[in-house]
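There are 2 protein chains.
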Amino acid sequence: MTAEPIRVLVVEDHHVVRQGLVALLSVADGLEVVGQAADGVEAITQFRKHQPAITLIDLRLPRLSGVDVIERIRMESPGARFIVLTTYDGDEDIYRALQAGARSYLLKGMTSEELIAAIRTVHAGRQHIPPAVAQRLAERVGTEELTQREFDVLEQIVHGKSNKEIAVELLISEATVKTHINSLLSKLGVSDRTQAATAAIQRGIIPLESLPRQRQ
Amino acid sequence: MTAEPIRVLVVEDHHVVRQGLVALLSVADGLEVVGQAADGVEAITQFRKHQPAITLIDLRLPRLSGVDVIERIRMESPGARFIVLTTYDGDEDIYRALQAGARSYLLKGMTSEELIAAIRTVHAGRQHIPPAVAQRLAERVGTEELTQREFDVLEQIVHGKSNKEIAVELLISEATVKTHINSLLSKLGVSDRTQAATAAIQRGIIPLESLPRQRQ
DNA sequence: TGCAAGGTCAACCTTTGGGTGGACCCTGGC
DNA sequence: GCCAGGGTCCACCCAAAGGTTGACCTTGCA
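First to last, the protein sequences are chains A and B. If you read the first sequence in this note's numbering, its first letter stands for residue 2, the second for the next number, and so on. If you read the second sequence in this note's numbering, its first letter stands for residue 2, the second for the next number, and so on.
What the hints contain is simulated information worked out from the structure, not anything from laboratory work. Since the structure is predicted, the reported quantities are computational estimates derived from the model, not experimental observations. Treat the hints with caution; some may be incorrect.
Claimed, not checked - Mimicking SDA-like on lysine to any residue, the simulated pairs with C-alpha atoms at most 20 Å apart in a straight line are:
1) B:Lys188 <-> B:Thr122
2) B:Lys188 <-> B:Gly143
3) B:Lys188 <-> A:Lys165
4) A:Lys165 <-> B:Thr144
5) A:Lys165 <-> B:Ser192
6) A:Lys179 <-> A:Ala139
7) A:Lys179 <-> A:Leu209
8) B:Lys188 <-> B:Leu172
9) B:Lys165 <-> A:Thr88
10) A:Lys188 <-> B:Ile45
11) A:Lys165 <-> A:Glu146
12) A:Lys179 <-> B:Asp193
13) A:Lys165 <-> B:Pro6
14) B:Lys165 <-> A:Ser192
15) B:Lys179 <-> A:Asp193
16) A:Lys179 <-> A:Val169
17) B:Lys165 <-> A:Lys165
Said to hold, decoys possible - Here are the simulated distance ranges between beta carbons:
18) A:Arg73 <-> B:Gln149: 47 to 55 Å
19) B:Arg73 <-> A:Asp30: 19 to 27 Å
20) A:Arg75 <-> B:Glu175: 49 to 57 Å
21) A:Ser184 <-> B:Ser184: 54 to 62 Å
22) B:Arg73 <-> A:Ala133: 49 to 57 Å
Even glycine gets a Cβ: it sits at the ideal position worked out from N, Cα and C.
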């Protein structure tokens with residue numbers, strides 16, 4: 002193991018986690034952390050500057066999401082390889098990250114050995130998807146994709162709006178809202194709006210952070 | 002700063018985060034990491050063994066929650082001082098942790114300087130609550146506490162049950178379910194079950210992990 | 001003893017939500 | 001030119017949810 006070290010960029014907004022990753026990777030041999038970033042925009046800057054072989058990236062980042070970062074970088078550097086490292090395990094997040102071009106999806110509970118093994122595997126040009134994640138992804142297949150409009154309506158449902166309010170918000174009639182709801186309920190495999198709301202949050206279709214902080 | 006170092010126990014299930022914390026604290030002077038634990042049960046064992054001055058603890062832990070750990074340890078060692086360190090910022094989590102006896106509540110986005118400052122402050126016998134957390138806590142005051150039964154009903158709502166199903170589940174009549182719902186809607190300050198469900202998740206009253214993974 | 005709070009239930013009413021079937025329009029692809 | 005898919009809308013129906021009032025019982029506390 003004395004060849005060129007694998008050059009790694011670490012993108013993670015939580016300071017202690019980033020420090021932990023860097024500390025872990027620094028002691029592994031055959032690896033070299035060439036840069037760090039704490040948000041999406043900085044990630045792109047650092048990537049351009051260092052051209053790392055592997056980018057370790059969190060999904061939820063300030064300024065620009067992890068998925069957006071992956072997509073943008075891959076447009077200019079198709080050979081870039083990404084390992085997503087996150088606490089979130091919603092089907093939707095996993096799907097979008099892999100769709101964007103990530104080669105591996107790890108949860109933060111993993112050990113350093115697993116992380117380093119994943120880096121080597123991805124660097125060798127292969128994918129590395131842990132069984133638990135593969136399982137979650139498999140559950141998603143067969144699920145029909147929501148249309149843009151259905152997504153809009155679902156978002157309003159999660160925000161607690163009534164059909165009438167959704168109609169006003171989206172500038173359509175209440176009848177149309179009902180049409181979309183019927184369609185979206187069957188696509189999500191649920192039977193009412195409350196189940197739709199919790200399923201949307203659980204699967205990561207509608208991020209919880211988008212909820213306005215209500216009071217009173 | 003050559004007096005006795007502050008003896009710290011780190012309790013955190015995510016491996017990389019724990020490593021990060023230990024790495025951060027090890028370089029700070031006046032501090033000494035005397036133990037680590039990856040779950041609640043181990044946390045208690047480690048506490049008894051090392052009797053640390055400060056315990057840095059995550060809330061969501063395998064086997065035994067952070068709040069439970071704090072409560073149990075404080076029963077046998079009332080002088081124990083806890084700093085909660087978590088990614089979750091639901092009002093309910095903050096409230097319960099402080100209620101259980103935590104002296105500080107930090108979010109993982111904080112810097113190492115903030116963390117170390119918090120440790121020194123708490124070790125000196127004072128509290129350390131960042132403004133953002135204090136704000137969240139303040140929003141909670143005036144909110145009426147749910148009764149046990151209202152909580153049960155709310156939990157079922159979040160799980161997507163209809164009033165009739167809830168009645169069967171809790172062995173009460175549908176009329177009673179409605180009574181509880183009416184009461185709980187007004188306490189939560191929302192106007193229908195869907196809003197109640199998302200509010201419950203957002204505030205951490207009902208943990209998202211409790212949701213069964215539905216499919217089809 | 002009395003009272004408040006919580007839990008239980010009922011009757012009644014209004015509004016909302018979900019199910020079905022059909023209609024029209026537009027757009028993009030074959 | 002036709003068709004499929006998506007978006008829009010309507011009418012009709014029934015079930016579910018929410019609002020209100022009042023009642024009874026138990027427990028615990030003043």
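(request) Take the C-alpha atoms of B:Lys188 and B:Leu172, compute the straight-line distance between them, and say whether it is at most 20 Å. (result) violated, 23 Å
(request) With a cut-off of 20 Å on the C-alpha distance, tell me whether B:Lys179 and A:Asp193 pass. (result) Holds: B:Lys179 and A:Asp193 sit about 18 Å apart, inside 20 Å.
(request) Can you let me know if the beta-carbon spacing of A:Arg73 and B:Gln149 is within 47 to 55 Å? (result) holds, 50 Å
(request) Take a quick look at whether B:Lys165 and A:Ser192 sit within 20 Å of each other, Cα to Cα. (result) holds, 14 Å
(request) Below or equal to 20 Å on CA atoms is what counts here, so check B:Lys165 against A:Thr88. (result) violated, 36 Å
(message) Can you confirm whether the C-alpha distance between B:Lys188 and B:Thr122 stays at or below 20 Å?
(response) violated, 36 Å
(message) What's the verdict on A:Lys165 and A:Glu146, does the C-alpha distance respect the 20 Å limit or exceed it?
(response) violated, 25 Å
(message) A:Lys179 and A:Leu209 were given as a pair; does the straight-line alpha-carbon distance stay at or below 20 Å?
(response) Violated. A:Lys179 to A:Leu209 sits at ~24 Å, over the 20 Å cutoff.
(message) Within 49 to 57 Å: is that where the Cβ-Cβ distance between B:Arg73 and A:Ala133 falls?
(response) The hint (49 to 57 Å, Cβ to Cβ) is violated, given that B:Arg73 and A:Ala133 are roughly 30 Å apart.
(request) With a cut-off of 20 Å on the C-alpha distance, tell me whether A:Lys179 and B:Asp193 pass. (result) Roughly 18 Å separates the two Cα atoms, so the pair holds.
(message) Given the hinted pair B:Lys188 and B:Gly143, is their Cα-Cα distance within 20 Å?
(response) Holds - the C-alpha atoms of B:Gly143 and B:Lys188 are around 10 Å apart, at most 20 Å.
(message) Check the hint pairing A:Lys165 with B:Pro6 against an upper bound of 20 Å on the C-alpha distance.
(response) Judged against 20 Å, a Cα distance of about 62 Å means the pair is violated.
When held up to the earlier numbered hints, the structure conflicts with 1, 3, 4, 6, 7, 8, 9, 10, 11, 13, 17, 19, 21, 22 and fits the remainder.
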